[in-house]
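Enquirer: If you want the building blocks of each chain, they are given just below.
Protein chains: 2
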Amino acid sequence: MSTSRHLRSWVTSANDHPDFPLQNLPFGVFSVPGLGKRGGVAIGDFIFDLQVALEAGLFSGAAQVAAEGASRSQFNEFFALDASARQALRSRLLQLLDEHSPQREQLQALGNLLQPMSDSQMHLPAQVGDYTDFYVGIHHAMNVGKLFRPDNPLLPNYKYVPIAYHGRASTLCVSGAPVKRPQGQTLAPGAEAPVFGPSKRLDYELEVGVWMGQGNEAGEPIPIAQASQHIAGFCLLNDWSARDLQAWEYQPLGPFLSKSFATSISPWVVTAEALAPFRRAQPARPDGDPKPLDYLFDEQDQQHGALDIELEVLLLTAHMKQQGLAPQRLALSNTLNMYWTVAQMVTHHSVNGCKLQPGDLFGTGTLSGPQAGQFGSLLEMTEGGKQVVELSSGETRTFLQAGDEVILKARCRKDGEVSIGFGECRGVVVG
Amino acid sequence: MSTSRHLRSWVTSANDHPDFPLQNLPFGVFSVPGLGKRGGVAIGDFIFDLQVALEAGLFSGAAQVAAEGASRSQFNEFFALDASARQALRSRLLQLLDEHSPQREQLQALGNLLQPMSDSQMHLPAQVGDYTDFYVGIHHAMNVGKLFRPDNPLLPNYKYVPIAYHGRASTLCVSGAPVKRPQGQTLAPGAEAPVFGPSKRLDYELEVGVWMGQGNEAGEPIPIAQASQHIAGFCLLNDWSARDLQAWEYQPLGPFLSKSFATSISPWVVTAEALAPFRRAQPARPDGDPKPLDYLFDEQDQQHGALDIELEVLLLTAHMKQQGLAPQRLALSNTLNMYWTVAQMVTHHSVNGCKLQPGDLFGTGTLSGPQAGQFGSLLEMTEGGKQVVELSSGETRTFLQAGDEVILKARCRKDGEVSIGFGECRGVVVG
Numbered sequence: 001m002s003t004s005r006h007l008r009s010w011v012t013s014a015n016d017h018p019d020f021p022l023q024n025l026p027f028g029v030f031s032v033p034g035l036g037k038r039g040g041v042a043i044g045d046f047i048f049d050l051q052v053a054l055e056a057g058l059f060s061g062a063a064q065v066a067a068e069g070a071s072r073s074q075f076n077e078f079f080a081l082d083a084s085a086r087q088a089l090r091s092r093l094l095q096l097l098d099e100h101s102p103q104r105e106q107l108q109a110l111g112n113l114l115q116p117m118s119d120s121q122m123h124l125p126a127q128v129g130d131y132t133d134f135y136v137g138i139h140h141a142m143n144v145g146k147l148f149r150p151d152n153p154l155l156p157n158y159k160y161v162p163i164a165y166h167g168r169a170s171t172l173c174v175s176g177a178p179v180k181r182p183q184g185q186t187l188a189p190g191a192e193a194p195v196f197g198p199s200k201r202l203d204y205e206l207e208v209g210v211w212m213g214q215g216n217e218a219g220e221p222i223p224i225a226q227a228s229q230h231i232a233g234f235c236l237l238n239d240w241s242a243r244d245l246q247a248w249e250y251q252p253l254g255p256f257l258s259k260s261f262a263t264s265i266s267p268w269v270v271t272a273e274a275l276a277p278f279r280r281a282q283p284a285r286p287d288g289d290p291k292p293l294d295y296l297f298d299e300q301d302q303q304h305g306a307l308d309i310e311l312e313v314l315l316l317t318a319h320m321k322q323q324g325l326a327p328q329r330l331a332l333s334n335t336l337n338m339y340w341t342v343a344q345m346v347t348h349h350s351v352n353g354c355k356l357q358p359g360d361l362f363g364t365g366t367l368s369g370p371q372a373g374q375f376g377s378l379l380e381m382t383e384g385g386k387q388v389v390e391l392s393s394g395e396t397r398t399f400l401q402a403g404d405e406v407i408l409k410a411r412c413r414k415d416g417e418v419s420i421g422f423g424e425c426r427g428v429v430v431g
Numbered sequence: 001m002s003t004s005r006h007l008r009s010w011v012t013s014a015n016d017h018p019d020f021p022l023q024n025l026p027f028g029v030f031s032v033p034g035l036g037k038r039g040g041v042a043i044g045d046f047i048f049d050l051q052v053a054l055e056a057g058l059f060s061g062a063a064q065v066a067a068e069g070a071s072r073s074q075f076n077e078f079f080a081l082d083a084s085a086r087q088a089l090r091s092r093l094l095q096l097l098d099e100h101s102p103q104r105e106q107l108q109a110l111g112n113l114l115q116p117m118s119d120s121q122m123h124l125p126a127q128v129g130d131y132t133d134f135y136v137g138i139h140h141a142m143n144v145g146k147l148f149r150p151d152n153p154l155l156p157n158y159k160y161v162p163i164a165y166h167g168r169a170s171t172l173c174v175s176g177a178p179v180k181r182p183q184g185q186t187l188a189p190g191a192e193a194p195v196f197g198p199s200k201r202l203d204y205e206l207e208v209g210v211w212m213g214q215g216n217e218a219g220e221p222i223p224i225a226q227a228s229q230h231i232a233g234f235c236l237l238n239d240w241s242a243r244d245l246q247a248w249e250y251q252p253l254g255p256f257l258s259k260s261f262a263t264s265i266s267p268w269v270v271t272a273e274a275l276a277p278f279r280r281a282q283p284a285r286p287d288g289d290p291k292p293l294d295y296l297f298d299e300q301d302q303q304h305g306a307l308d309i310e311l312e313v314l315l316l317t318a319h320m321k322q323q324g325l326a327p328q329r330l331a332l333s334n335t336l337n338m339y340w341t342v343a344q345m346v347t348h349h350s351v352n353g354c355k356l357q358p359g360d361l362f363g364t365g366t367l368s369g370p371q372a373g374q375f376g377s378l379l380e381m382t383e384g385g386k387q388v389v390e391l392s393s394g395e396t397r398t399f400l401q402a403g404d405e406v407i408l409k410a411r412c413r414k415d416g417e418v419s420i421g422f423g424e425c426r427g428v429v430v431g
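As you go down the protein sequences, you meet chains A and B in turn. Read in order, the letters of the first sequence correspond to residues 1 to 431 in my numbering. Read in order, the letters of the second sequence correspond to residues 1 to 431 in my numbering.
If you're looking for bench data, these hints aren't it; they were derived computationally from the structure. Heads up, some of the hints might be wrong.
Said to hold, decoys possible - Quick list of in silico lysine-lysine cross-link-like pairs, DSSO-like style, CA-CA up to 30 Å: (1) Lys200/A with Lys321/A; (2) Lys180/B with Lys291/A; (3) Lys180/B with Lys159/A; (4) Lys146/A with Lys146/B; (5) Lys180/B with Lys37/B; (6) Lys291/B with Lys180/A; (7) Lys414/A with Lys321/A; (8) Lys159/A with Lys291/B.
Note that the structure is predicted; figures quoted are calculated from it, not measured.
Work out the full structure: start from the sequences and follow the hints.
Expert: Structure below.
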């Protein structure tokens with residue numbers, strides 16, 4: 001896709017758009033008043049309606065098959081297609097939306113082809129069969145481990161196993177959905193018995209979501225060399241966490257109610273193709289770290305399997321909203337903080353024969369950097385609630401309060417490439 | 001349903017049937033050659049085809065609505081109905097199948113109303129949105145805890161929190177599906193680094209499955225007094241477990257690949273109504289155990305919320321099959337070994353606002369008794385692989401070998417009541 005770097009679109013708001021220039025073309029499920037849920041493509045400040053485009057006969061062959069899948073109210077069938085069909089659709093969309101497109105006048109004459117994003121409501125892109133949350137952010141694992149085991153923050157399996165656990169699919173929600181503070185059991189420090197009530201340590205977690213494309217048959221693992229072909233796209237993911245519920249419930253089987261009340265994702269599926277220019281060599285493992293076991297090792301994946309995506313967390317409190325203040329950045333991090341590649345996650349998940357399906361969603365786990373200003377959760381910023389975060393509004397936080405809005409953003413930048421973004425993943429805490 | 005206890009059916013194989021007398025009437029999804037998947041009711045050695053019965057106009061009102069839901073190839077819509085609709089269908093089926101039914105001749109004239117079970121293939125009863133595995137078998141928790149922490153087998157949260165974790169929905173399979181031995185990472189005792197290969201410690205777990213009926217809205221917990229109305233039915237569940245994978249991977253986020261390769265369930269949904277006569281008072285908590293927190297406590301649930309279901313594990317090795325030997329019983333246990341009721345499981349799961357949906361499945365966790373002969377896993381029988389199980393065939397086992405078939409059974413017995421059974425949950429280990 002390196003030929004796309006200088007292209008500009010006749011949809012002028014796309015040119016120099018922070019998130020959705022012609023080079024991005026992410027897919028999303030949207031609705032506008034009077035029209036049911038349907039699939040579209042973000043271009044500048046608009047959504048390119050694939051149903052309208054299909055009716056106008058703009059696609060043929062593999063691109064048409066892909067456009068039909070991506071025009072529906074859920075992308076599961078679209079994600080199930082071979083990556084080549086998705087690529088054919090992308091090539092055709094790049095042609096159609098180019099400023100020099102021969103179809104430009106035909107398209108501009110289609111009155112309802114481009115829906116203003118500001119009039120549209122976004123929805124979950126797929127029915128998620130299973131949601132899996134990984135733990136591949138090594139600095140987060142270190143930061144959290146230090147709170148519990150100062151001398152030995154990383155457990156012995158961490159550098160061999162892409163650690164993960166099954167999450168709750170039913171409470172995945174799309175950016176903008178309010179997040180109700182959960183109730184549950186907590187054990188006060190020094191107390192003998194727990195009490196029941198609202199969580200007092202509500203937190204966010206900065207993660208990237210990974211949409212599974214083609215799956216596998218039960219019992220047939222996906223080899224590491226093929227794993228990247230099974231990824232349809234990416235989004236932002238906020239793994240809301242009630243730290244006080246988590247501390248009391250998580251032994252011996254892991255987090256449960258402390259996470260399952262809500263998980264927010266951004267609505268746009270940024271494709272593997274759009275991210276191709278922002279692939280990198282996997283950062284070198286520190287001296288002394290073991291080489292991945294053979295089933296997780298592929299030279300191509302080591303050379304090109306890492307992602308360079310800048311990640312940001314912002315906070316907008318109710319008070320800041322009232323005062324007309326802008327959201328405040330709490331952290332800036334990057335997907336290069338992943339200890340394992342996405343391909344390694346896919347292969348590990350399926351190596352026992354587990355069946356992965358189109359529309360399954362992975363979270364990466366919290367992607368913190370090693371330093372202050374790069375921490376992807378309040379748990380880390382406050383050292384387990386012991387330090388206070390001072391906000392420029394004059395407020396302070398240890399954990400989230402009612403009315404706080406958490407905003408995740410992501411952007412890819414590279415010299416010589418047009419930057420692309422993920423849009424936003426927002427959620428306001430209620431109660 | 002106490003009036004049903006002396007009823008007999010004109011389907012003569014139902015009378016004195018070990019599993020499916022007239023008093024049971026479990027629902028299942030089946031197919032026969034030439035006919036697609038559809039819902040039916042087990043009666044003796046036959047399946048009562050609800051599509052044929054509906055076409056014959058045998059239902060009206062709420063019973064018809066329920067019969068339509070239960071006639072489909074997935075029960076999600078059926079499970080979503082109010083419990084009263086399911087009860088109306090049960091009442092009508094009891095009338096129709098009674099030996100004195102006025103419709104007896106009409107029904108007997110419908111040639112394909114009763115499909116021989118032996119000609120039918122059974123399928124998963126519903127599309128499982130989320131699968132949650134609990135840990136409410138206190139003797140299992142004690143037995144396993146002793147292996148890791150001899151002085152302190154139960155963690156401090158156990159008697160307050162109905163411990164659970166999210167499981168993998170995509171690899172749920174129905175009785176009879178072969179179970180392929182998983183591969184994965186294991187750490188040999190004393191080794192510094194793990195190796196990759198087939199699990200050498202493959203095990204079963206004896207559990208009961210719980211089918212969710214009506215769900216809740218996100219953010220709206222189900223109160224304990226209403227929780228039993230949200231249960232549609234029950235099945236047997238084998239939570240196949242690779243102990244060597246589990247030991248290495250499970251810290252800090254719980255079991256993952258050690259469980260997600262396969263979970264087998266029995267195909268028949270034994271309804272809450274059929275189990276009503278086998279409800280019991282929750283066994284008294286031992287002296288010194290805390291009272292459940294208020295949100296988990298309901299006097300009616302304490303008096304009638306426990307289940308008295310006899311549970312059995314049998315093993316049939318390839319050698320035993322070749323020799324024509326019968327399966328050997330490995331354990332006999334009971335659902336009275338549950339420390340928490342099913343209503344407490346439902347309420348706890350939803351108390352943080354987590355959305356439960358019709359067709360969600362819970363496992364109870366392994367239901368072992370306190371004594372030898374009552375252990376629901378080989379891990380417990382062999383004390384973590386240290387003891388050998390001697391089989392009457394002359395073979396021995398510590399963990400499962402290729403060709404081993406594990407068979408779970410369940411039966412309810414009570415003086416003055418006709419016994420009912422769950423059918424079987426079977427699976428053969430491949431590789």
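Enquirer: Work down the list of hints and note, for each, if the structure agrees.
Expert: Against the structure, the hints:
no.: 1; hint: Lys200/A with Lys321/A; result: 23 Å, holds
no.: 2; hint: Lys180/B with Lys291/A; result: 28 Å, holds
no.: 3; hint: Lys180/B with Lys159/A; result: 27 Å, holds
no.: 4; hint: Lys146/A with Lys146/B; result: 28 Å, holds
no.: 5; hint: Lys180/B with Lys37/B; result: 25 Å, holds
no.: 6; hint: Lys291/B with Lys180/A; result: 28 Å, holds
no.: 7; hint: Lys414/A with Lys321/A; result: 33 Å, violated
no.: 8; hint: Lys159/A with Lys291/B; result: 42 Å, violated
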